[in-house]
Amino acid sequence: MSGGVSFWRSAGLSLLILALFLGAWEIAVMPISGGGGAALDPEYAALLGQAAAQGGTTPMPGPSAIGVRLFELLSDPFYVRGPNDQGIGVQVAYSLLRVGAGFGLAAMVAIPLGFVIGMSPLLNAALNPFIQVLRPVSPLAWMPLALYSIKDSAISAVFVIFICSIWPMLLNTAFGVATVRREWLNVARTLEAGRWRTAIRVILPAAAPTIVTGMRISIGIAWLVIVAAEMLVGGTGIGYWVWNQWNNLSIADIVIAILMIGLVGLALDRLLGLGARAVAWRE
Amino acid sequence: MAFHPRPPSRGAALCPCGGSHASGFVCDAAPTDGTGAFGEVAQEAVLRAAFPKAATRRALIKAVGAGTLFAALDSVFPLARAREAMAQGGGAPEKRDLKVGFIPITCATPIIMADPMGFYRRNGLNVEVIRTAGWAVIRDKSIAREYDASHMLCPMPVAMSLGIGVAQPVPWSVAAIENTNGQAITLANKHKEKREPKDWRGFRFAVPFDFSIHNYLLRAYVAEAGLDPDRDIQIRAVPPPEMVANLRADNIDGFLGPDPFNQRAVFDGVGFIHVLTKEFWDGHPCCAFAVPRGMMTEMPNTFAALMRAIVEATGYASKAENRREVAQAIAGQNYLNQPQTVVEQVLTGTFADGLGRVQRVPDRVNFDPFPWHSMAVWILTQMKRWGQIRGDVDYAAVAQQVFLATEAGRAMRELGMTVPASASRTHRIFGRDFDPAQPEAYLNSFAIRRS
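Chains as they are written, first to last, in our numbering: chain A, 1 to 283; chain B, 284 to 734.
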């Protein structure tokens, strides 16, 4: 698939790009020393942050500082010290739990509903306007409505994931079901298979790859949404952690959180990628 | 015939103390030695327990007289002690495990410190204090009763009780004032030369919330300088923790916000402290310890224990010699999540102002739990001034309902603090005397107003 490019060569290039990027970053944030700032009263300077005491603003941390902090966080990722101070591993687990709940519910609704819509052109046309209007709504726009009507922040977060991740699954399922080859349906009919039997034995396997692709898009969206939802609702989760570290203006922690979010998102996508391979078929 | 339990009093309005009074009765006058309203309630409860049948009870009282009956009962049941225990609110809390929401700012000091320093525990409560992302979220979680009590800006329960900014009126109360003073106007470093508010035309300011003392003080301050806060400057509601990040990104020119974020801006070399709000109104209220109004009747013992914990913590925090210890207790990851020196500078009042000086203002922030009704009246005048409420307002009635001066006073008295004789007084605000008895005249004296 990679067109004859050796793995080692591409990996080497990736590493080189990463090294160049981190090196440039480290150099860019190096403090410009030269004793330029006016001499401050030592008592005054002691009350300021390190950079402000030298007349500047607190700089962006370099990769080395972030690396140190990453090691610190990962050496004890699962501690729980009270409701407001928990390790990064615990936070990621909370987020995964919410995504799991919201995504699971969405799948339970979207796949059967998509099946029905796909099999009935009438329903498809009737529901299409609603789907098209609701689909592009941002999770942040749902949040106040959810909080207001559901009156429970934990359920609201799950609801927002549900409502945002339902659409790709719904549309893909409907599309997959609607585009099953006519010949196969005709064959099923010739063999006098019932509606139910046709749906389970012919349409479902035929549409499965499209459905799983929809699920794969959805889980990506769910993972995007969770960060925004948790930043708004707070309490626990990796999104809340980002918000909390933003309060403290600790950019190193935010960079680490971005890295974690990216890695977990990748893992989720790969997981469904395995699912896709399992249901794939070839003519 | 089944026995129907009946509330121990026959009055129409059941006072939170458990007795019934004529309307207007000042309940905090109820003696705590076991006589008076509390005593009657206790006596009647015992009587009910001894003779559950109403008919028997009535017949007995008729036959031997109430006095004789109580005397007889007293010999088997220590009535005096029961009356006393009840009057002192010493009953076990109806609910021990409570959740209290807070926003990570130094205004919440008493609510937060009461956890690590054991004030809740000592009063028999197991309180979980939960950091929350913003005022709208804390309001919604409070309305949904996810929190039993909350840290709020003191105008919020007023607005919620009046049904402003919420779907329908939600009766919440200011049970105690968390802090007085403790706010400041912080400007971006590039404005070091623009120290006169009349030069601020076109500035973009952040305040924590629409219903906040910050909003009203900032509006009044620029209006004093002749600027119309709705037309000449822009005011945005930004959650306090995000103010410094916005100032740094040049998204706003300044903010009138709570600490530690004013100090944090200085600490990070982003802004300087233009003025402390103490200069506008020394002793102004800022944040509140808010409870749903029903709590007093639904869980009187829990409410009393919670009040004792909060008032005790507030009293402890008000002492200058304790401030360093308090700063250490609340600065950590679990609470404010700020560098300790920043919190310390706020609480001790010895701070870098961002202009190269070390200032020493010991009452930069102060802690006084008493919710003066006159404070609520001023807040109402400002809500009306800026068009948040329209039409006639019964200032005194709203103030009395929302600001629980009686209950806070009782907790203060129990802890040996001096309680003001009246819940209303004249405040000096922006160099003028504010008379809470004349709110309309005060309101009409301003040239810049929306109503």
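No wet-lab data here; the hints were simulated from the structure.
Cβ coordinates follow ideal geometry from the N, Cα and C atoms, glycine included.
Hints are not guaranteed to be accurate.
Claimed, not checked - Derived lysine to any residue pairs resembling SDA-like cross-links, with alpha carbons at most 20 Å apart: (1) A:Lys-151 to B:Lys-473; (2) B:Lys-475 to A:Lys-151; (3) A:Lys-151 to B:Arg-576; (4) B:Lys-382 to A:Leu-70; (5) A:Lys-151 to B:Gly-446; (6) A:Lys-151 to B:Ser-734; (7) B:Lys-473 to A:Ala-53.
To be verified - Which stretches of chain A does chain B cover? Using the computed rule of at least three CB atoms under 8 Å from a CB of chain B, they are: (8) 47–54; (9) 146–155; (10) 160–170; (11) 206–213.
Consistency of the hints with the structure:
1. A:Lys-151 to B:Lys-473: This hinted pair is violated, its Cα atoms lying about 43 Å apart.
2. B:Lys-475 to A:Lys-151: 45 Å, violated
3. A:Lys-151 to B:Arg-576: 19 Å, holds
4. B:Lys-382 to A:Leu-70: 32 Å, violated
5. A:Lys-151 to B:Gly-446: 17 Å, holds
6. A:Lys-151 to B:Ser-734: 34 Å, violated
7. B:Lys-473 to A:Ala-53: Judged against 20 Å, a Cα distance of about 17 Å means the pair holds.
8. 47–54: holds (count 5)
9. 146–155: With 5 residues in contact (Cβ-Cβ under 8 Å with chain B), the coverage given for the segment 146–155 of chain A holds.
10. 160–170: With 0 residues in contact (Cβ-Cβ under 8 Å with chain B), the coverage given for the segment 160–170 of chain A is violated.
11. 206–213: Result for this restraint: violated, n = 0.
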